[in-house]
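Take these sequences, add in the hints, and give me the full structure.
Quick note on numbering: the sequence shown equals residues 1 to 267 in the working numbering.
Simulated from the structure, these hints should not be mistaken for lab results. Here the structure is a predicted model, which is why all the values come from computation and not from measurement. Keep in mind that the hints are not guaranteed to be accurate.
Derived lysine to aspartate or glutamate pairs resembling EDC-like cross-links, with alpha carbons at most 16 angstroms apart [as the list claims (entries may be wrong)]:
(1) K47 / D84
(2) K96 / E128
(3) K92 / E128
(4) K214 / E186
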Amino acid sequence: MKKIFLLLFLVNLLIFNFACDNAEEEDESIGIARLAGVNFVFDFDEKKLTLINRNNTVIRATVYNLSNNSVLSGDIITWPGSEDNKYNLSFKKGHKVEIRIWQGPASVFWGNFLGIEPDFIGQAVLREGKIAVVLTGHKTGWHVQLPITNGGQCHLSGQYAPSDIYDQSGNNLYCDNLSVNWLYVELFVLRPAPSGYEADFKIASFWVYFEDIKKISYSYNIPEPLALRITSYDPYSETFETSRIYGFFLDIASQSQNEITSEITLP
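Okay, here's the thing in structure tokens:
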């Protein structure tokens, strides 16, 4: 009986060692690079790239092969917790790659349209096992959702340099139309007035039929007093129906806003 147990133990040990050897052989064909909560798994045998999104936001990634000056895989969009696979790609061990990542709704879906820079840029040399990624560029993305105002659901977002919050880029105003009417959206910078606040100047205005986005060429102070005015327009009667104003202090550092309750005067 003891011999049988010993024999079974040796057989299991051989099976375990064989499995480990195979796992190590499989691992030798795999390289894993990590950047901004995203895993990039390079399969050198199958020429496959797997992108695994471990963030709680949608991301878009583009990978360049710097060794042969080509786009290895462009504009991969993944949802939180999901993954995507790209096949028949041109890469091998020793190639240098550059990874660019955009995060958040405006960067991901409107980044090309607005010319928004990547939130993260990293470079790496492909190898088996863990691939070291050197961060060569980084912007901090921010996003603030505003309350529904007169049928419009608007979002402010953008980017700033981690070393200087006033070094901003890609600031934008995105709005969904939740009403049956057209909406005319205006965004003002405010200044103190004797009775509250008044408009200093307008930084964005556009019509929203279904959804639209407007790039803002303005860097916000911390915090910044702003006012959003949304006017609804009935295209059938060709008349402006109602106009609503929402005033708030925008703080991009904390990705928050606080309503202004005092009187607001706009032109």
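- Within a Cα-Cα threshold of 16 angstroms, do K92 and E128 meet the stated pairing? holds (10 angstroms)
- Task: Assess, step by step, whether the Cα of K96 is no farther than 16 angstroms from the Cα of E128, and give holds or violated.
- Result: Satisfied, since the Cα-Cα distance of roughly 13 angstroms is no more than 16 angstroms.
- Query: Is K214 close enough to E186, meaning Cα to Cα at most 16 angstroms?
  - Reply: Between K214 and E186 the Cα gap is close to 10 angstroms, so the pair holds against 16 angstroms.
- Message: Check the hint pairing K47 with D84 against an upper bound of 16 angstroms on the C-alpha distance.
- Response: holds (14 angstroms)
Taken one by one, the earlier hints all hold for this structure without exception.
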